[in-house]
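**Q** Just so you know, the sequences run in chain order A, B and C.
Under our numbering, the first residue of the first sequence carries the number 1, and numbering increases by one thereafter.
Under our numbering, the first residue of the second sequence carries the number 1, and numbering increases by one thereafter.
Under our numbering, the first residue of the third sequence carries the number 1, and numbering increases by one thereafter.
Don't read these hints as lab results, they were simulated from the structure.
Among the hints, a few may not be true.
As the list claims (entries may be wrong) - Facing chain B, a subset of chain C residues (Cβ under 8 Å, in silico): (1) Pro73; (2) Ala77; (3) Ala87; (4) Glu97; (5) Leu171.
Where is the CB? At the ideal position from N, CA and C, for every residue including glycine.
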Amino acid sequence: MTSQLQLRRWLMMVTAIALVVLTSAPHHSNAQDGGTTFPITITDATGNEVTIDSIDAIASGSGDVTEIIAALGFEDNLVGIDISSTYPEGLLDRIPQIGFARRLAVEPIAAVNPSVFFCTETCSPASVFDQLRALNIPVVIIPDDSESGIELPLKKITMVAAALGVPDQGEALRSKVAREIEWAKTSVANIEESPTMLFLYVRGRNLQLVSGTGTPAYDLINTVGGIDVGAAAGIVGYQPLSAEVMLNAYPEYIIMFQGSVDSAGGLDKVKELPGVADTPAAQNGHILVFDDQFILGMSTRTGQAALALAAQVHPSMTWELNITYPYAYTDTTGTEISVEAATPVFASDENLLATVQELGFHAELLDTPVEGSLIIASQSADWASWREAGYSVLVVNDNADIPEIAAALNVPGRGEALLARKAAN
Amino acid sequence: MIGKLSVWQASTQRYSRLPSVRIALLLVLLVILIFTSLSAVSTGAVNIKRDEVFKISVDAITDKLHIRYNSGLDYAARCLPGQSCIQRDAALIREIRWPRVIMAGLVGASLAIAGTALQGALRNPLADPGLIGASSGAAVGAVTAILLGVNLGDLLNSDAPALARLTQSLFAFGAALITTFGVFRLARWQGRTDSTALLLIGLAINTMASAYIGLATFISDSREVNDIIFWSLGSFAEIFWRDVYVVLPFTALSVVILPFLARQLNLMTLGESEAQHLGVNAERLRLICVGLAAMTVGVSVAFAGMIGFVGLVVPHLIRFFTGPDHRIVLPASVLTGAILMIAADLWARTVAVPTEVPIGIVTALFGGPVFLLLIILSRRGRG
Amino acid sequence: MTNHLDAQHLRYQVGKATLVRDISLQVTGGEILAIIGPNGAGKTTLLKLLAGDLHAQSGQVSLNNQPLHHHKPLELARQRAVMPQQASVSLDFTTYEVALMGRHPHIRGSETREDHRIVEEALHRTETLHLREQMYATLSGGEKARVTLARVLAQQTPILLLDEPTSTLDLRHQHMTMQIMRERAKTGVAVVAVLHDLNLAAMYADRIGMIHNGQLEFIGTPEEVLTADHIHTVFGLAVEVLAHPTHHCPLIVPLATNGHSATLSEIGASAGRILLADQRVTSAPHPG
Numbered sequence: 001m002t003s004q005l006q007l008r009r010w011l012m013m014v015t016a017i018a019l020v021v022l023t024s025a026p027h028h029s030n031a032q033d034g035g036t037t038f039p040i041t042i043t044d045a046t047g048n049e050v051t052i053d054s055i056d057a058i059a060s061g062s063g064d065v066t067e068i069i070a071a072l073g074f075e076d077n078l079v080g081i082d083i084s085s086t087y088p089e090g091l092l093d094r095i096p097q098i099g100f101a102r103r104l105a106v107e108p109i110a111a112v113n114p115s116v117f118f119c120t121e122t123c124s125p126a127s128v129f130d131q132l133r134a135l136n137i138p139v140v141i142i143p144d145d146s147e148s149g150i151e152l153p154l155k156k157i158t159m160v161a162a163a164l165g166v167p168d169q170g171e172a173l174r175s176k177v178a179r180e181i182e183w184a185k186t187s188v189a190n191i192e193e194s195p196t197m198l199f200l201y202v203r204g205r206n207l208q209l210v211s212g213t214g215t216p217a218y219d220l221i222n223t224v225g226g227i228d229v230g231a232a233a234g235i236v237g238y239q240p241l242s243a244e245v246m247l248n249a250y251p252e253y254i255i256m257f258q259g260s261v262d263s264a265g266g267l268d269k270v271k272e273l274p275g276v277a278d279t280p281a282a283q284n285g286h287i288l289v290f291d292d293q294f295i296l297g298m299s300t301r302t303g304q305a306a307l308a309l310a311a312q313v314h315p316s317m318t319w320e321l322n323i324t325y326p327y328a329y330t331d332t333t334g335t336e337i338s339v340e341a342a343t344p345v346f347a348s349d350e351n352l353l354a355t356v357q358e359l360g361f362h363a364e365l366l367d368t369p370v371e372g373s374l375i376i377a378s379q380s381a382d383w384a385s386w387r388e389a390g391y392s393v394l395v396v397n398d399n400a401d402i403p404e405i406a407a408a409l410n411v412p413g414r415g416e417a418l419l420a421r422k423a424a425n
Numbered sequence: 001m002i003g004k005l006s007v008w009q010a011s012t013q014r015y016s017r018l019p020s021v022r023i024a025l026l027l028v029l030l031v032i033l034i035f036t037s038l039s040a041v042s043t044g045a046v047n048i049k050r051d052e053v054f055k056i057s058v059d060a061i062t063d064k065l066h067i068r069y070n071s072g073l074d075y076a077a078r079c080l081p082g083q084s085c086i087q088r089d090a091a092l093i094r095e096i097r098w099p100r101v102i103m104a105g106l107v108g109a110s111l112a113i114a115g116t117a118l119q120g121a122l123r124n125p126l127a128d129p130g131l132i133g134a135s136s137g138a139a140v141g142a143v144t145a146i147l148l149g150v151n152l153g154d155l156l157n158s159d160a161p162a163l164a165r166l167t168q169s170l171f172a173f174g175a176a177l178i179t180t181f182g183v184f185r186l187a188r189w190q191g192r193t194d195s196t197a198l199l200l201i202g203l204a205i206n207t208m209a210s211a212y213i214g215l216a217t218f219i220s221d222s223r224e225v226n227d228i229i230f231w232s233l234g235s236f237a238e239i240f241w242r243d244v245y246v247v248l249p250f251t252a253l254s255v256v257i258l259p260f261l262a263r264q265l266n267l268m269t270l271g272e273s274e275a276q277h278l279g280v281n282a283e284r285l286r287l288i289c290v291g292l293a294a295m296t297v298g299v300s301v302a303f304a305g306m307i308g309f310v311g312l313v314v315p316h317l318i319r320f321f322t323g324p325d326h327r328i329v330l331p332a333s334v335l336t337g338a339i340l341m342i343a344a345d346l347w348a349r350t351v352a353v354p355t356e357v358p359i360g361i362v363t364a365l366f367g368g369p370v371f372l373l374l375i376i377l378s379r380r381g382r383g
Numbered sequence: 001m002t003n004h005l006d007a008q009h010l011r012y013q014v015g016k017a018t019l020v021r022d023i024s025l026q027v028t029g030g031e032i033l034a035i036i037g038p039n040g041a042g043k044t045t046l047l048k049l050l051a052g053d054l055h056a057q058s059g060q061v062s063l064n065n066q067p068l069h070h071h072k073p074l075e076l077a078r079q080r081a082v083m084p085q086q087a088s089v090s091l092d093f094t095t096y097e098v099a100l101m102g103r104h105p106h107i108r109g110s111e112t113r114e115d116h117r118i119v120e121e122a123l124h125r126t127e128t129l130h131l132r133e134q135m136y137a138t139l140s141g142g143e144k145a146r147v148t149l150a151r152v153l154a155q156q157t158p159i160l161l162l163d164e165p166t167s168t169l170d171l172r173h174q175h176m177t178m179q180i181m182r183e184r185a186k187t188g189v190a191v192v193a194v195l196h197d198l199n200l201a202a203m204y205a206d207r208i209g210m211i212h213n214g215q216l217e218f219i220g221t222p223e224e225v226l227t228a229d230h231i232h233t234v235f236g237l238a239v240e241v242l243a244h245p246t247h248h249c250p251l252i253v254p255l256a257t258n259g260h261s262a263t264l265s266e267i268g269a270s271a272g273r274i275l276l277a278d279q280r281v282t283s284a285p286h287p288g
């Protein structure tokens, strides 16, 4: 029984990762193609007017900002990044490092000869910004406040895009991320259970912090319909782990960074920590480990992170688990479509949408589909142009019946169940 | 009678030579200080040729120190490929490296001379600026400023991060003075100050201060913790010219006044009453020494964080070579403190590029073993 | 050299314990005043009051008709030197450097040849010149005392206050020290010395003050103060007071302390051979 459960967790994990890989935007360099002329003057998060002469050489002092810069297509303009810039992968191997977001020093930044320096409000020490300004290096501070909640990534994207002179691409990226966050919210909207959760930060043996309100973890947990028991216990920000508070909080799930687990000497060591050991989370193996920057980076992947977390903490959200991915399906146009994953699904009309949703998928009406998403369209729809644009399009007959749609989505069993339910009604 | 005379001449020779020996030693130390400073200014994450460093530095001086913070001088933000980097380098050397090196020198000199004066005035070779509560008092002040989120910027309607740092510094300075004189006041009993009581009370205050700082790190959020840790381990990474201008007068005050008290400090080694019998106003001497030490250390700690061992080790190091005469130990400790701090900071910022090792860790790392070695050697020296 | 130290009705107490009660005494240039008394009698406290280290609750000490606290520390240091019971140095100064510190009140700027000459002479006189390059901290107790004496002499003051200067010294150096005091007195210096050895006091002091329970019980010439009666009253010890064989001064010889008094003739013939009964000093009548 236990092993079966664990297998399910693993499957969930794999699915989540597949999701992430699928939904991330492909890179294509669109530097300067907006035709914006430099210098640009913007007002940054600290209210400073910053004039940027050139974005030829960008230094980024924070991983979340690096992620946005890369997603906007300016990866090749980066000349220096901090060590939290773990995404896109491999960046740290190619681009010189300039320190760590929380321990910045002026010279390593000046050494990469940047034309502009990006960092967030939480970068420290803040006097490094003054020093860089003294060297006439423009400093753009990106918002990193706790009030914005789960909307924070959107604010960051808007500011970075404005500073790079690509507001339109910024808007596209912003709406993609906003939509992903929205999916995560809607996917848990109908789930009644509210799992109790807690974020635990560990650094080595001596530093163990639990988060509460005003943290990205709190926002993420709320987004996936969980209860942050750290916040419920009255914690604001981060506080040292106390065994009693931990027991009192009784979290069913504990979220951790991969880095934390590594520094503690592995998951087994974490499970033995005083206070942690007696929680249901530790006893049921519900310590959820994610990449640091992915889960709480509050950047381009936050929606995906929320969805990945939701999949792990809501066992009833099993709609994607009965499907084996990838699968091939030959649709009515005779085209064999290889489906990597079934979410998100865009339907071409209202009827189709209703059925897809009844089958347990998270679907939206086809409007502006996101790159990498799956489209299910009726034959009379303009499926050909979508297919040309590079999307996976499953074409079904006009007025397709439930079995056909269920087959296209590789859930024939669920289709039959739906039919039976409708018949019973 | 002849024998007596020749003996007298020999001794007189030895002691009348002392001033010239003293001057020679100080000159040597001064040369080392200049060399160390220039090396420190020419070394860093950005590679700048030494002759260029020299030229920029000379220019800066001949510019009659027209170095202004964020003044919009003709610094280029970056050097473009194929073009000279001299403007960028000039900006870096003038605005970042020189203030940093000078600040390290000032703080090293302050801590060392404060340590020397305290060890003399309190007749305790283990007296350290940290011991009389100056360092921890400053720490408490700065941490309080961080915790309360007090910011001069709020008063001035500005949110420049520099103002937050300045606020912390002022809190640190004020708290250092209050703590030190509080310790001094508590140690006064029937009109006299007992050195043992002073050190014990300082110890108690230090313990309370570190408990307070510990508590502060526990109740503050992660960003504040970061600030507190960064600050309590010490760093010269955030130094501007304006900080140098604040610290300079305080260091100068100690460096100018204390050498005049050198002979009186020598007499204090005989004991408080004995010094008094020889015409020293021991109470006043101690007040001046502790006051100056608290002031310079408080200001140093406020700008550079807590940096241990320099105030303790430098006086011992110098006495090991020159003997205990404060007339040589005081000025020599000023120079040696500056040299060692500049060197330590150079190491701290270049050993782990692109990050910096906190300076407090460096001084403890090197200062601890050196102190132990000095103890062993001096014991062996005594046979 | 006009030097006159005058103490009037000194009273000093710590908490409820009165250490000095109503002591008045004067000392002028050219004389040695020895202060004697049992342990805890208040000798050192009296000396500290005279030195200005402690301030009497009532009464006052005047130096040359000026209250002590009217003198500035440096001015005072040129008038009187104080030799402490023990002197430690917290840093590694050499013997010479320690002795040179005695010149501090006289040095303006840097020390002169004259200063060095005086220090050399003082070290020579106290037989410590050969130790001048040694670390003071490594000296023996007696050597330290002699170097301290040299430092005090180098101060060249018209008044010398000495707290048990001979307690750590061997017999020869005890007498050397007292001879130096005599020499100084001859040049007009006023010397106040707390002494333990009654015979040393008897031999060298011009006057002796005997203190008991914080009070000056007797003061006067050695012959007046050092009587068997006085010593028995103050020290609680039976003694015979004889005449010194070569000096014109009393010689105190303790008798057996096992409860019963014995006369010298009973103790032994060898001692009695010199100290004949008719040479005994007759006891002076009580001053009060």
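**Q** Now look at each hint and say whether the structure bears it out.
**A** Against the structure, the hints:
For Pro73 (chain C), the shortest C-beta to C-beta distance to chain B is roughly 5 Å, which falls under 8 Å, so the interface hint holds. Checking Ala77 (chain C) against chain B by beta carbon gives a least distance of about 3 Å; that is within 8 Å, so the hint holds. At its closest, the beta carbon of Ala87 (chain C) sits 6 Å from a beta carbon of chain B; the interface hint therefore holds under the 8 Å criterion. The beta carbon of Glu97 (chain C) is positioned within 8 Å of a beta carbon in chain B (closest approach about 7 Å), and the interface hint is therefore held.
Given the 8 Å rule on beta carbons, the hint for Leu171 (chain C) is violated: about 25 Å separates it from the nearest Cβ of chain B.
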